[in-house]
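Chemist: So the sequence lines, in the order shown, correspond to chains V and G. For the first sequence, this note's numbering assigns the number 1 to the initial residue and increments by one for each residue that follows. For the second sequence, this note's numbering assigns the number 1 to the initial residue and increments by one for each residue that follows.
It is worth saying that the hints were derived from the structure and are not from the lab. You may find that some hints are simply not true.
To be verified - Partial chain V-side listing against chain G, Cβ under 8 Å, derived: (1) G16; (2) P43; (3) F45; (4) A80; (5) F105.
We put the CB at the ideal spot given by N, CA and C, even for glycine.
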Amino acid sequence: DAGVTQSPTHLIKTRGQHVTLRCSPISGHKSVSWYQQVLGQGPQFIFQYYEKEERGRGNFPDRFSARQFPNYSSELNVNALLLGDSALYLCASSLGLAVLWEQYFGPGTRLTVT
Amino acid sequence: DQQVKQNSPSLSVQEGRISILNCDYTNSMFDYFLWYKKYPAEGPTFLISISSIKDKNEDGRFTVFLNKSAKHLSLHIVPSQPGDSAVYFCAASEDSGGGADGLTFGKGTHLIIQP
């Protein structure tokens with residue numbers, strides 16, 4: 001069975017540009033969460049989507065947005081990129097919304113902003 | 001302000017001995033705690049969890065202990081094996097029912113198992 005997949009694997013962007021990261025959850029999983037992991041830190045919660053609706057949002061500026069599609073895949077968009085946005089972006093999927101459901105993480109997208 | 005703290009960036013343990021990873025938290029609203037393991041170039045993998053109504057949970061070689069009064073939890077790995085070498089993250093949630101707040105992670109502890 002395929003796990004959570006994310007694309008692209010690596011990405012280099014310039015300050016001020018826009019980026020879109022993609023995530024495909026495990027088949028049957030209806031919830032997708034996004035996390036940002038800066039070097040030397042733990043993952044930090046950005047968004048959770050369940051059944052195509054935003055159900056939770058972490059402490060991130062409005063430059064960060066996301067959406068979930070009818071097939072439960074998800075996109076994370078970041079506008080007006082800053083150097084500080086350089087990080088590993090992790091997507092996690094789970095069967096349900098509650099944290100009691102085990103979250104399965106993808107390998108992440110490494111974003112470098114120059 | 002770090003709500004979940006893992007104060008040991010790294011820990012070295014001999015193969016076959018016990019590994020003890022520690023985690024402290026400040027938010028008394030946290031009611032569900034999890035440990036994740038991460039290998040390089042892979043996403044974190046769920047290891048074990050514990051609800052705030054319990055003080056211990058076991059799964060094979062892994063045991064998590066929760067001391068709510070001290071706001072402290074620990075992960076014990078017995079016996080430690082070379083494949084256990086990885087970064088271990090402690091995570092917590094104050095919304096076990098809805099999951100809307102996501103998980104709050106610590107910075108991680110790099111466990112190195114020496115042969």
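Chemist: Compare the structure with each hint and give your call.
Modeler: Consistency of the hints with the structure:
1. G16: This hint is violated: V/G16 lies away from chain G, its Cβ roughly 28 Å from the closest one there, beyond 8 Å.
2. P43: 5 Å, holds
3. F45: Hint on V/F45: holds, closest Cβ of chain G at ~3 Å, below 8 Å.
4. A80: Where the cut-off is 8 Å and the nearest Cβ of chain G is about 24 Å from V/A80, the hint is violated.
5. F105: Interface hint status for V/F105: holds (3 Å vs cutoff 8 Å).
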